[in-house]
Each structure stands twice: as C-alpha cells, then as structure tokens.
Amino acid sequence: MTAEPVTTEHVTTETTLQSSLHGMVADWSSDQRSFKSASWGKAMMWIFLVSDTFVFSCFLISYMTVRMSTTVEWPHPSEIFALEIGGKKIPLILIAIMTFDLITSSGTMAMAVNFAYARERRKAAILMLVTAFFGAAFVGMQAFEWTKLIHEGVRPWGNPFGAAQFGSSFFMITGFHGFHVSIGVIFLLLIARAVWRGDYDVGRRGFFTSRKGRYEIVEIMGLYWHFVDLVWVFIFAFFYLW
Amino acid sequence: MTDASVPQNVAPPPAEVPEVELYHAHSWITKYVFSQDAKVIAIQYAGTAIAVGILALVLSWVIRLQLAFPGAIPFIDANVYYQSVTMHGMIMVVYMLTAIFLGGFGNYLIPLMVGARDMVFPYVNMLSYWVYLIATLVLVSSYFFPGGPTGAGWTLYPPQSILTGTPGHEYGIILMLVSLILFIVGFTMGGLNYVVTVLQARTRGMTLMRMPLTVWGIFAAAVMALLAFPGLFVACLMLLLDRTLGTSFFMPSLVELGERKDYVGGSPILFQHLFWFFGHPEVYIVALPAFGVVSDLISVHARKNIFGYRMMVWAIVAIGVLSMVVWGHHMYISGMDPWFGFFFAVTTLAIAVPTALKVYNWVLTLWHADIHFTTPMLFALGFLVTFVNGGITGLYLGNVIVDVPLSATLFVVAHFHMVMGIAPVLVIFGAIYHWFPKITGRMMDERLGKIHFWITFLGAYAIFFPMHYLGVLGMPRRFYEMGETAFVPASAATLNIVITVIALAVGFAQSIFFYNLFKSLKHGAPAGGNPWRAASLEWQTPETPPGHGNWGKQLPVVYRWPYAYSVPGAPEDYLPQNAPPVRGERSP
Chain A
1 MTAEPVTTEH VTTETTLQSS LHGMVADWSS DQRSFKSASW GKAMMWIFLV SDTFVFSCFL
61 ISYMTVRMST TVEWPHPSEI FALEIGGKKI PLILIAIMTF DLITSSGTMA MAVNFAYARE
121 RRKAAILMLV TAFFGAAFVG MQAFEWTKLI HEGVRPWGNP FGAAQFGSSF FMITGFHGFH
181 VSIGVIFLLL IARAVWRGDY DVGRRGFFTS RKGRYEIVEI MGLYWHFVDL VWVFIFAFFY
241 LW
Chain B
243 MTDASVPQNV APPPAEVPEV ELYHAHSWIT KYVFSQDAKV IAIQYAGTAI AVGILALVLS
303 WVIRLQLAFP GAIPFIDANV YYQSVTMHGM IMVVYMLTAI FLGGFGNYLI PLMVGARDMV
363 FPYVNMLSYW VYLIATLVLV SSYFFPGGPT GAGWTLYPPQ SILTGTPGHE YGIILMLVSL
423 ILFIVGFTMG GLNYVVTVLQ ARTRGMTLMR MPLTVWGIFA AAVMALLAFP GLFVACLMLL
483 LDRTLGTSFF MPSLVELGER KDYVGGSPIL FQHLFWFFGH PEVYIVALPA FGVVSDLISV
543 HARKNIFGYR MMVWAIVAIG VLSMVVWGHH MYISGMDPWF GFFFAVTTLA IAVPTALKVY
603 NWVLTLWHAD IHFTTPMLFA LGFLVTFVNG GITGLYLGNV IVDVPLSATL FVVAHFHMVM
663 GIAPVLVIFG AIYHWFPKIT GRMMDERLGK IHFWITFLGA YAIFFPMHYL GVLGMPRRFY
723 EMGETAFVPA SAATLNIVIT VIALAVGFAQ SIFFYNLFKS LKHGAPAGGN PWRAASLEWQ
783 TPETPPGHGN WGKQLPVVYR WPYAYSVPGA PEDYLPQNAP PVRGERSP
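Sequence lines, in order, name chains A and B. Heads up, the first sequence is in this note's numbering, so the first residue is 1 and it goes up one at a time. Heads up, the second sequence is in this note's numbering, so the first residue is 243 and it goes up one at a time.
Rather than coming from a laboratory, the hints here were simulated on the basis of the structure. Even for Gly, the Cβ is constructed at its ideal location relative to N, Cα and C. Watch out, some of these pointers could steer you wrong.
As the list claims (entries may be wrong) - Listed next, with one range per pair, are the computed distances between beta-carbon atoms:
id, chain 1, residue 1, chain 2, residue 2, range
1, B, S383, A, G175, 23 to 29 Å
2, B, E814, A, F179, 54 to 60 Å
3, A, E152, B, F311, 58 to 64 Å
4, A, G203, B, T397, 49 to 55 Å
5, B, T397, A, F176, 22 to 28 Å
6, A, F176, B, V824, 57 to 63 Å
7, A, L230, B, R545, 49 to 55 Å
8, A, L230, B, V743, 56 to 62 Å
9, B, F585, A, T147, 41 to 47 Å
10, A, E84, B, V563, 50 to 56 Å
What the hints assert, rightly or not - As a list, the in silico DSS-like pairs of lysine-lysine whose alpha-carbon atoms are at most 25 Å apart:
id, chain 1, residue 1, chain 2, residue 2
11, A, K148, A, K88
12, A, K123, A, K212
13, A, K212, B, K795
14, A, K212, B, K273
15, A, K42, A, K123
16, A, K42, A, K212
Full structure from sequences and hints, please.
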C-alpha cells in the first residue's frame, strides 16, 4: 500500500533529473548563450566567485598547513577569543555576535533584491543601507577584536600564547575577508544611492563607466554579499572552532 | 544575407537578447589611449608584451654570454647573472607569453570569432590592460632601486628568495611580488571578460561546437588561469608578509651568516605547492591558445578541415582538467611521499594521451592536403616539430626515477624552452603573419617572413637541441660558474660557445621581423578582407580593419563550422561560416 506513492515519487524525480539533464545538454549545444537564464553580469559574478573561492581555499589550506607544520603549540582559540563580561570570561562571544550580524545582513540583502525587482525603490534602498550597516558593524567588531589581540601582544610575527603562525594567519585571513566586506559595503552604499534616486528607471549613466545600469545589479551585489558571508562561515569554523 | 533567403529548417533561432548599447569614444584619448574597444586593448596588450619580451630577450644574451665566456665580460657578475635569469624567466612566462596570448590574441580574436561586437564588459577590459601595464612598470622599475631586481630564480623559492644573500633582497623581491599580485588582479578582470564573452555573447548560430579552435584554446586557458592564479596570488601575498612583516609562513628557523633569524616554524614546501599549483597550469595556459591557433593556421593554409574537430575540443578540455593535478612533478626532488610521486607521475604521463591525439590530428589534417607554404604555415609546421620534440623529453622528466638525475640540469632547460618557449613563440609569429592583414589591411612581406622563419626555426633548434646533450652530461642549470666539475668534458665549453653565438645571431635576426612589421604597416600590399580565403568569422567583417562594433549594422548569422574547406559542390574551395547553406549541404 505504502509502496505505490514512493514509486510514483521516485519516477517523478528521475524524469525531472533526466529532463533537466537534457535541458542542460540542449543549452550547452545551443547558440548565443550557454546559461540561458543568466545575464552577462550575473555570469561574470558567478565565475569571479568561483575564482575567489580558489583564493580563499588556498588561504585556508595554507593556514592548515602551517598550523600542522609548526612545532610550537597552537594557542587555544576558546581562551584567546574570549571576552570578559561582568567579571566572567565568555568564550567566542564576540565571534558569535559577529557571525549572527553577518548572517542577518544576508537576510536583509535577500529582501533588498526582492524589493528591487518589485521596483519598490525606497524599501530596496533602505534594506541595502541596513545591509551595509551590518557589514560596517562587522568590520567594526573585527577592528575591536584586532585591537584587543594587539593589546594582548599578538603580532603577525609572534605572540605570547604559542605558535607565531597563529597571529600571521589570523591577521592575514580575517584581514583579507574584512577587506572583502569593506569593498562590499562601499558598493552597497553606491548602489543604494542609485536605487534611491531611481537611476535605473531614468537610465542615468554611471560616473566612470558612462553606461546605464539595471535593477539586476542589486541581485549581482547580493551574490557577492552572500558569498562573503559563506566564506565567513568557513573561516569561523576553521579558525575559531578548530 | 537576410533570413528570408534561407530555408526555415536551417535558420538559426532568433536573437535571445536585444543588443546592448556600444560605448562610443568621442576623443582621441578615449579612442586610442583609454580605449574600451577590445581591438585597441589587444594591440596595447600585445605591444606592451612584445616590448617587455625584447627586454627579456636581451637578458637571455647576458645569461648566454656568461655561460660561454665565464668571467670574460666585466659587467656580468654573479648578481647580474642571477638577476638576468630571474627576470628573463618571469617576464617571458607571465608578462610576455600569458599577456600576449590572452590579452593580445584573446582580446582581438574572441569577439570577432564568436560574432560579438566587443567584449561583454569593455570598461573592465580597459582596466585590465592598465593594471597589467602598471604591473609591468613596477617589475621593470626594480632595475632602478638599490640592489636591483631580485635574483631568486623565477620560482622565487623561499627561504633563499628573501634572505640577504640573494641579489635584490632589499627592494627587488618586494617589487616582484607586488607586480605579480597586480598582474593577477589585472588578469582576473580580463579573464572574466574572455570567459563570459565566449559563454554568453555568441552570435546567432554560433554554438560552442562551431567555434574555431583558437577560441576554444583561449577560452580553456582563461578558465584555467582564473583557477590557477589564486595559488600564485596567495603565495605572493604570504611571501610578501614574510619579507616585510617578518611572519613565518614559509620561513623555518634558520641561521644566516652566523646569525639566528627571527623566523620560526614555517614551511618552505608549502610555497612550492602553491607556486606550482599555479606554475604547471601556467604551462598549458600558454600552450592551449597555441594549440588552438596552430589548428586554425594548419586548416586554413592546407585548405582542409581540421581532422577530428570534436576530439580536438575534448582534448583541450582534458588537458586543461589534467593539468590542474600534476603540479607535484616539479617537486620530485623536494622530498615527497613516494605514493605522491607515483600519483603525479601517472597524471603527468596521462596528459600525453590527449596531447598526442592533437598531434596526430594535426598531421592527419596535413595528410593529402593542399598545403600552401605561406609564412604562417611554415611557423605552424615549425611548432609541430619543436612541440613534439619538447613533449617527448617531457615524458622523460615526468618519470620520477628519470627526473631525479636530470632535474636541475640543462636538460630541463632544453625541455621547457622547446615545449613552452620556442613552440608558443613560433605560433605567435605565425599568428601575427596570419592576422596582420586583418588588423592592418595590409600583407606582410612573404620573402622577409620566410627568411625570418628559417633563421628563427633552425636557429632555435640549434640553440636548444644540443642543450639536451649538455644536460645529460650533468651540466647544472642556474650555475654562475661551473667551477671544479671534472665530470663535464672540455668539449661542453665549446658547445656552450656555439650555442651562445647562435643565440646572439637569432636574437638579432628578430630585427628582420620588426622591420617587416613596421614596413608592411605603411607599404605592405593591400590585403582585402580575406586574403587567405579563410572560412572563420573574423575574416567576414564588412570592413578591414574591423570598425567599431565589428559588424556594421547587423550581426552575422552562422550556419556552419569554421572549417568548411574544399567542400564538394561549393562555388569556391571554402564556405564562410556566415554564408547561407548551399543546396543539400549537411554541415556540422
């Protein structure tokens, strides 16, 4: 009795799989475009993100390698990254807030994309500003964390807690990620301004590029922002939880 | 040719997206200097690459003079020698070959060959060139800093590359690393353009399997570069931090000149992994465009379709994929688990399969063909010979046990110069002779071209073939002086002198090429739109040289592959890609 619906579902899945495979083959053997639903800009951002994934992978793999190859003991993350609040040391509290902050910003970004496509300019722009605020707050908290560690004597070339590579990898990888977030915040502000003014409705030309933009740029910006978020999850896992 | 004249069943589907607005330059500066036109950017890229390539050529003379007449030339001391070796290698591989194939030919040919009006992001494309130019200037500027450029060898292996014993440790190494980082940033902007243009901006009827192999080669190389350059980027950044901030990513604890350095616990092998994760794909980033171009040259000048087009495409893809997992074969003598050596040897030798397939297909294209010995064809044939030669010595070096004694000898130098030095350079010359008429509207001088070919081809062979022999004798590479090396017979020194004399002569003979280039620019015979009677799309532009937007009012519509030569029943011995189908034609 119960077997029948399962079989039906199974068949459906298989046909969907097969048809989507056929669809992919058809797209790639066709003329003009290989990704039929992607614009030039979106395709470019996706391919850039693949390349950037390789950059961050190289960083993280290098970090793992030096962590394994050094003979000195690695500092204990839950002690290093603890904050003293009300006389009690709470491990990883700042990093938990930072991660929560960044993931929240992904949510507001997704809402901004939705409103931009609905041409609700004000809402989209405000949500992008909120996203930029969360991004800036993240970078601010990172600056706070850097300051705290530097006060405790952590330097790129050494630290009192253990292996010198701890400071090197930490400042380099979080710095490189923070740089990505900062670039994202700048572009969020620029695009939010353009959306607010209605540049994409009246076809106003860009200052540098002298080209007209489209509301799709909000979604492309979103792709970048979600990627930076996702990378943070990996840095968080490998650096703070390991 | 409107669609009305074409039967419905062969007409390609209608345009999927409306055309985007073109950027129109309105001043001389935006038209020729800060240009957003891929064709102008291509010339800028190629011009810069050739200029810096000439510098690298001169540096190779310094190397050769020292090897032939050790200590005889006053200004060549050990520092100058090592700096010349380093700069020659790095400039030739990255700033010349990569830039000219992807930035030069990629920019010029991709939009024309796939039927686009320009690259998809012309503004980013312009930035790409200017960042590349800055990278080049930063690199060359190291000659004007105290200590000069770095002499660490083009591989820049730490710890020696940043220690005080190495020439250029003050500023040279920093400028080198900054320049490489800039190059990668600039390349990424260009590379994204090339990839997206090929994937998303083809004209009606232009399927992936109707693209000329040139586009396939450049496309695959651009994808590989986007995945391989991150390794170099990270390696450069970390080495820069080791040098400037005193971090210890790559630097182990060590004593230098009796003094204990502050470095502690880094991993020099990590740098080698990162470097070669870029470095090996880099070989194919240079080779794949050459493969593509040579396929087109052979097909056009032998008036025959390329043999096994689909196999050629899949071979390019297979080489691209395999080349990402072979980097360890550069590190056999760095100390490696034997199982890893086994793995890397197997993948390395596996690349020989798709590569040999390509060579067979080139030869089979020539088989019973109507071969025209034009200058581009001669260069293509020269490529075939040098590439097979260099590829076969690659099989020797891919095996761990053969590599161990041969590595760090001149055998390796001979091998990689044959396979990724001479072979791609011959293709570049062939390509310039082939596409010059399209770029300028004038032909280059055939007689001077043939003289240039024979001197370059025979000369290059005379330089690098004997070098294998020196390597087997055990003559080490990268040595300023041989010193007490009793196992090397005296005849080796004579051979070194012969090689140097030929190298100087071949180098100077390149002036024939530049004379021809500049003379033909003004006085070459008018070429017309399609002097080689070629079928691919770039020869079918309404104007020659192609105007802004390439195609006039209407984009071309493609009905067949680019290799329709000697088609039975066709009015001419070739059918352009955009000519409407003839009756009963069954074309790929």
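Verification of the supplied hints:
Distance hint check for B/S383 and A/G175: the Cβ-Cβ separation is about 27 Å, which falls inside the suggested range of 23 to 29 Å. The hinted range of 54 to 60 Å is satisfied by B/E814 and A/F179, whose Cβ atoms lie roughly 58 Å apart. Between A/E152 and B/F311 the C-beta distance comes to about 60 Å, which sits within the given range of 58 to 64 Å. Checked against the given bound of 49 to 55 Å, the beta carbons of A/G203 and B/T397, roughly 51 Å apart, stay inside it.
Checked against the hint of 22 to 28 Å, the C-beta distance between B/T397 and A/F176 comes to roughly 24 Å, which is consistent with it. At about 58 Å, the beta-carbon gap between A/F176 and B/V824 stays in the expected band of 57 to 63 Å. Between A/L230 and B/R545 the C-beta distance comes to about 53 Å, which sits within the given range of 49 to 55 Å. About 59 Å separates the C-beta atoms of A/L230 and B/V743, a value consistent with the hinted range of 56 to 62 Å.
Between B/F585 and A/T147 the beta carbons are some 46 Å apart, a value that agrees with the proposed interval 41 to 47 Å. In this structure the supplied range 50 to 56 Å holds for A/E84 paired with B/V563, their Cβ-Cβ distance being about 52 Å. Between the alpha carbons of A/K148 and A/K88 the distance comes to roughly 16 Å, so the proposed pair stays at or under 25 Å and holds. Taking the CA atoms of A/K123 and A/K212, the gap is about 22 Å. The hint holds against a cut of 25 Å.
For the hint pairing A/K212 with B/K795, the CA-to-CA distance comes to about 22 Å; that is within 25 Å, so the pair holds. Taking the CA atoms of A/K212 and B/K273, the gap is about 20 Å. The hint holds against a cut of 25 Å. The straight-line distance between the Cα atoms of A/K42 and A/K123 is roughly 23 Å, inside the 25 Å bound, and the hint therefore holds. For the given pair, A/K42 sits about 16 Å from A/K212 by alpha-carbon distance, which is consistent with the 25 Å threshold.
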